[in-house]
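Keeping their order, the protein sequence lines are chains W and B. Letter by letter, the first sequence follows residues 2 to 180 in this note's numbering. Letter by letter, the second sequence follows residues -4 to 160 in this note's numbering.
These are computed hints drawn from the structure, not numbers from a lab. Quick caveat: nothing in here was measured; it's all calculated off a predicted structure. Heads up, the beta-carbon is just placed ideally off N, CA and C, and yes, glycines get one too. Careful, some of the hints might be misleading.
Stated by the list, open to error - One side only, chain B facing chain W, incomplete, derived with CB under 7 Å:
(1) Gly27
(2) Gly48
(3) Glu59
(4) Val60
(5) Gly63
(6) Pro67
(7) Lys68
(8) Val133
Said to hold, decoys possible - Stretches of chain B that chain W covers, calculated by requiring three or more beta carbons in the stretch to come under 8 Å of a beta carbon on chain W:
(9) 0 to 13
(10) 29 to 43
(11) 72 to 83
(12) 89 to 101
Claimed, not checked - Pairwise CB distance ranges (calculated):
(13) B/Pro58 - W/Leu15: 20 to 30 Å
(14) W/Gln33 - B/Ile120: 36 to 46 Å
(15) B/Pro57 - W/Ile173: 30 to 40 Å
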Amino acid sequence: MVRKRKPFDWSTALVTVCVVVAAIVVYLRDGQARFVAVFVNDAGIFLDILPKMAAGCLIGVFSTLLIPREMVARWVGAESGIVGLLIATAAGAIMPGGPVTVYPVAGAFLAVGADIGAALAFVTSWTLLGYARALVWELPFFGPDFVLWRMTVAPLFPLFVGVVGRIVAQAIMTREAKP
Amino acid sequence: MMALAIGALLWVIVAALVLIAALRSGSIVETGLREGALDFLRLTPRVLIGVVGSGYVAAVLPPEVLAGLLGPKSGLLGTAIATLAGAFTPGGPVVGFSIGVAALKSGAAAPQVIAYTTAWALFAIQRVASYEVVAMPVRVVWLRVLVSIPVPFLAAFGAMLLGKP
């Protein structure tokens, strides 16, 4: 898996600082009992999600190893119309990898002449339906009920963005083509 | 029960993927297990801080204020605030998801939090600027962002219509 090496993880550091400050405030303001109660409650949630997280990491890594990116690109480039958008949506949902790999793939669709709506649907689907982020991040943080709730409404949006994007792009091109 | 079923399903998927990998070659299984374990080790402290820490952040946030801004009765304005917050949230998934969980624990309604995570996923300004603009034509990126603006609102509305599944 291609990863951007970061010397220092500012995101985690920022969250850690906020959490430490909040924990100190809770301890001083509400006392030790409340401090321990919050910890025990959330530590329970954390232990509960650990096995799911482990499975999510393995699914992410193995699907990256088993699904070649070139294959996904070929599917999306080959179709147009609503079928093209549906294929782009499916491809975005199963596309492994993070932002470092996904945006270049979408850029490559456009370079090889794929329809702009398909490229937009692909990126939208990856951000909203991509299982990698849902399994590895969203499931541990929010739990299965929330993820299912969000995922139930999400599948229409890549199609929406693809269709509207295509119409807007065509309108812009027609206007620019006029003298 | 639902959580248990999902946990079991995930491990069935893992088993199937490992089996497919094993049929191709043993080295894929080895690489996969090693990288998966490394990912898990990298992720664990971040999720620990996010999940356990969000309880403290939620305890400190004034529930009346948050419930007023983003609660079940906050409606369109609450959704707009959540969408803006999502667009301006910096950093990686740890930051976005920690904020979402803390908000949920201290009185924000699920549709508003869904709008927040949807906006953050679709057009967090920092990610668009640092990853997307460098890899795709700038005009296409702008088109995508503009067309995506209604989506967090539609997601919140859809979640409200649906109710909790």
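Practice item. Taking the numbered hints from earlier one at a time, note which ones the structure violates and give those numbers from smallest to largest. Key: Per hint list: 3, 4, 5, 6, 7, 8, 11 and 15 violated.
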